[in-house]
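So the protein sequences, as listed, match chains X and S. Residue 214 in this note's numbering sits at position 132 of the first sequence, with consecutive numbering throughout. Residue 151 in this note's numbering sits at position 69 of the second sequence, with consecutive numbering throughout.
Think of the hints as simulated: they come from the structure by calculation, not from any bench. Glycine residues also receive a C-beta, built at the ideal position from the N, C-alpha and C atoms. Hints may be right or wrong, so weigh each one.
[Claimed, not checked] With beta-carbon atoms standing in for the labels, derived distance ranges:
#, chain 1, residue 1, chain 2, residue 2, range
1, X, Glu223, S, Glu218, 52 to 62 Å
2, S, Arg101, X, Gly108, 39 to 49 Å
3, X, Glu201, S, Ala203, 34 to 44 Å
4, S, Ile93, X, Arg165, 14 to 24 Å
5, S, Arg165, X, Val110, 16 to 26 Å
Protein chains: 2
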Amino acid sequence: MTAGPDFHATIPEGDDRERDVCRTCGFVNYVNPKIVVGAVVTHDGRFLLARRAIEPRRGFWTIPAGFMEEGESVAEGAAREAREEACADIAIDALLAVYSIPRISQVQMIHRAALARPEFAAGPESLEVRLFAWDEIPWDEIAFPSVHWALHHWRAVEGQAAFPPFVNPPGQDGRAPLPY
Amino acid sequence: MTAGPDFHATIPEGDDRERDVCRTCGFVNYVNPKIVVGAVVTHDGRFLLARRAIEPRRGFWTIPAGFMEEGESVAEGAAREAREEACADIAIDALLAVYSIPRISQVQMIHRAALARPEFAAGPESLEVRLFAWDEIPWDEIAFPSVHWALHHWRAVEGQAAFPPFVNPPGQDGRAPLPY
Ligand SMILES: [Zn+2]
Ligand SMILES: [Zn+2]
Numbered sequence: 083m084t085a086g087p088d089f090h091a092t093i094p095e096g097d098d099r100e101r102d103v104c105r106t107c108g109f110v111n112y113v114n115p116k117i118v119v120g121a122v123v124t125h126d127g128r129f130l131l132a133r134r135a136i137e138p139r140r141g142f143w144t145i146p147a148g149f150m151e152e153g154e155s156v157a158e159g160a161a162r163e164a165r166e167e168a169c170a171d172i173a174i175d176a177l178l179a180v181y182s183i184p185r186i187s188q189v190q191m192i193h194r195a196a197l198a199r200p201e202f203a204a205g206p207e208s209l210e211v212r213l214f215a216w217d218e219i220p221w222d223e224i225a226f227p228s229v230h231w232a233l234h235h236w237r238a239v240e241g242q243a244a245f246p247p248f249v250n251p252p253g254q255d256g257r258a259p260l261p262y
Numbered sequence: 083m084t085a086g087p088d089f090h091a092t093i094p095e096g097d098d099r100e101r102d103v104c105r106t107c108g109f110v111n112y113v114n115p116k117i118v119v120g121a122v123v124t125h126d127g128r129f130l131l132a133r134r135a136i137e138p139r140r141g142f143w144t145i146p147a148g149f150m151e152e153g154e155s156v157a158e159g160a161a162r163e164a165r166e167e168a169c170a171d172i173a174i175d176a177l178l179a180v181y182s183i184p185r186i187s188q189v190q191m192i193h194r195a196a197l198a199r200p201e202f203a204a205g206p207e208s209l210e211v212r213l214f215a216w217d218e219i220p221w222d223e224i225a226f227p228s229v230h231w232a233l234h235h236w237r238a239v240e241g242q243a244a245f246p247p248f249v250n251p252p253g254q255d256g257r258a259p260l261p262y
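Put together the whole structure using the sequences plus the hints.
Written out as structure tokens, the structure reads:
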């Protein structure tokens with residue numbers, strides 16, 4: 083084991099802004115925004131939500147979503163997350179929204195999807211997975227603002243085959259601290 | 083100066099795939115796909131292209147595009163790239179395309195935009211910047227396949243106010259090596 087990197091902020095040669103550079107080994111840690119891929123998944127008019135088994139927001143409900151990995155497309159990543167978190171096979175039919183969250187340096191690419199078969203179960207990062215009718219959704223126990231946004235944006239284009247993806251709702255620039 | 087990181091591939095505790103870990107300092111280099119933000123920019127029916135002053139593909143023509151930085155939205159990043167590479171102020175009106183390029187671990191988010199004022203010039207990463215009518219575009223000197231895709235996708239929705247963003251063209255999964 084080693085003590086871990088010893089980063090300090092400096093502007094590398096040829097760059098135009100500060101980056102974290104390791105004093106021990108010289109590594110330059112270019113931090114770019116990360117892509118979160120996910121989906122609002124429905125089945126017979128109900129919404130597939132997973133209760134988080136991990137922090138942040140353990141115990142709160144979310145749509146299947148997580149960090150995109152290398153070697154996959156955006157839609158493949160969203161399908162993988164549904165498999166991992168909800169043991170669900172999904173069929174994606176549209177890009178529902180692209181949310182920019184500078185506060186946590188994320189771009190969230192949320193799709194519209196249906197269950198490809200009616201089975202699902204909690205994966206290792208979920209405490210439970212359930213289908214909720216709209217009026218049953220536990221709105222006070224939703225994990226993140228963007229889950230609220232995505233569910234409401236889903237409703238705004240219900241039944242529409244083709245539409246431009248939504249972005250952040252007005253006044254929500256993804257920069258303000260969360261209320262919890 | 084130091085020798086730089088000494089990475090070897092190993093599966094960190096609690097992870098499910100190999101990551102590069104530095105033998106010198108223990109840093110885990112989580113490599114996620116990077117976001118490229120850009121725009122097809124037009125003015126009076128002509129297309130704004132920049133000739134690249136940097137590798138890869140120095141001397142070839144591209145649309146303004148580059149890596150998204152922290153602290154900005156997707157659209158803000160695309161506008162920043164147009165400023166940096168073409169000294170151009172742009173007005174974005176739609177998300178034209180989301181291309182997944184697993185070969186180079188990129189997701190490219192290309193917008194549709196117009197020049198907000200008719201001035202532009204080569205930035206430090208460009209040799210020159212010009213407006214081309216469609217029939218004047220130097221198709222044999224285009225830097226990257228996704229620039230071809232974006233220009234043709236722009237034409238496919240010319241005059242349409244609202245449309246879903248395009249993805250990779252059929253048969254182009256972004257995994258095959260480039261022909262050059
Ligand atoms: Zn180091
Ligand atoms: Zn190191």
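Which hint numbers doesn't this structure obey? 2, 3
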